[in-house]
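Participant: This is what each chain is made of:
Number of protein chains: 2
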Amino acid sequence: MRFPNLLVVISGPSGVGKGTLVSRYMEKHPESYLSISLTTRQPRPYEICGKDYYFVSKAEFQRYIESQRLLEWAEVFGDLYGTPRDPVEEALQSGKDAILEIDVQGGLRVKNCVPEAVLIFVLPPTREELRKRLMKRGTENPSQLQHRLEVAEIEFKYISYYDYYLINDVLDVAVADLEKIVFAEKHRVSRVRHPLLEGGDPLVRP
Amino acid sequence: MRFPNLLVVISGPSGVGKGTLVSRYMEKHPESYLSISLTTRQPRPYEICGKDYYFVSKAEFQRYIESQRLLEWAEVFGDLYGTPRDPVEEALQSGKDAILEIDVQGGLRVKNCVPEAVLIFVLPPTREELRKRLMKRGTENPSQLQHRLEVAEIEFKYISYYDYYLINDVLDVAVADLEKIVFAEKHRVSRVRHPLLEGGDPLVRP
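Keeping their order, the protein sequence lines are chains A and B.
Just add 100 to the spot in the first sequence (first one is 1) and you have this note's numbering.
Just add 100 to the spot in the second sequence (first one is 1) and you have this note's numbering.
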């Protein structure tokens with residue numbers, strides 16, 4: 101299977117701002133498809149079902165697993181998260197890029213079944229900045245916050261499985277950086293055929 | 101051997117404008133090192149020895165080959181071209197990117213001895229545009245021009261060995277596109293260590 105368009109996985113520690121980064125990217129690239137994850141977690145006050153996540157019961161999540169309708173799923177901080185398979189496959193088949201904002205475990209599972217996926221790890225500029233962002237978000241109590249920082253350290257160790265890293269310091273810069281990586285991947289010779297080369301098959305090694 | 105900085109090879113058919121592209125890139129990135137090739141070809145009226153090429157005799161070129169002072173060399177349109185090894189290695193060791201504007205044969209030889217090299221193939225927007233550019237340059241007679249176009253067709257078949265392709269339509273766009281590819285390659289996890297991760301070794305697979 102070869103995609104000229106991309107399956108892009110964006111991961112990074114809780115609080116790094118990957119959700120905001122992805123939202124801003126999608127505003128600039130409405131031609132891409134943003135996957136909406138299924139989760140058993142309770143919605144945060146500002147979250148909308150069908151936009152941020154599909155909030156479902158554990159029983160319903162279980163039915164998705166059993167009927168193999170999830171591309172990947174994982175337990176994160178005690179809640180289940182999964183990526184519905186059909187809309188991602190439909191987006192890719194219709195020539196769109198599919199963007200998945202998922203955790204590191206999910207990212208590795210996607211890479212396993214779709215080796216052409218592009219995995220991007222979003223880093224904070226510093227550890228201290230990550231702590232500040234989590235505190236500012238104010239959705240965790242101190243012990244939950246500490247736990248998220250410890251999990252972040254574990255996640256950092258998995259960066260070696262990712263293709264690229266990005267620093268999310270200034271949001272607009274990080275969005276532009278993400279665009280550069282997407283551009284570069286779309287110009288990898290192994291992904292594309294250029295009409296200039298229609299005479300022979302340039303992608304078959306001579 | 102792992103370079104955090106890059107060895108970038110830029111190739112493409114005669115007349116595609118890779119020289120202009122590379123010059124403009126270097127104006128914007130004087131921190132990079134541009135390799136100056138050795139050649140036995142006669143200088144064109146506007147070319148300066150030590151800036152565009154080192155113009156040398158066949159005997160001197162032969163001495164470079166024998167003393168293994170060339171990273172790669174090849175015969176192109178009856179003339180010899182080669183990349184002096186020492187300045188490229190010095191640039192890389194001092195943390196600079198090294199940019200090589202060389203032909204396809206040379207590019208493949210560099211990739212063989214430096215697998216981390218990033219190979220970029222510059223394409224014209226159309227075949228017709230390539231012919232126009234060669235005619236406009238006016239340095240070849242009609243039969244030489246025809247020969248260059250035939251060689252271009254052969255070169256296109258080697259694009260599969262390259263990492264990226266770029267279309268040189270509008271020069272400033274092509275320069276920006278080259279910058280995007282360089283940015284992306286510098287953010288490949290396999291190339292770098294980020295200070296955030298100094299606690300463990302994130303690049304050793306857990």
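Treat the hints loosely; a few may be bogus.
Which copy is meant is left open, so a pair is good if it fits within one copy or across any two.
Listed below are the simulated DSS-like cross-link pairs for lysine-lysine, each with C-alpha atoms no more than 27 Å apart in a straight line [what the hints assert, rightly or not]:
hint	residue 1	residue 2
1	K211	K128
2	K128	K286
3	K211	K286
4	K151	K211
5	K211	K232
6	K211	K158
7	K151	K257
8	K196	K151
9	K196	K211
10	K158	K128
11	K196	K128
12	K236	K151
13	K196	K158
14	K236	K211
15	K236	K158
16	K128	K257
In case anyone wonders, no lab produced these hints; they're calculated from the structure.
Participant: Of all the hints numbered above, which does this structure not satisfy? Sort the numbers upward.
Facilitator: 5, 7, 10, 13, 14, 15 and 16
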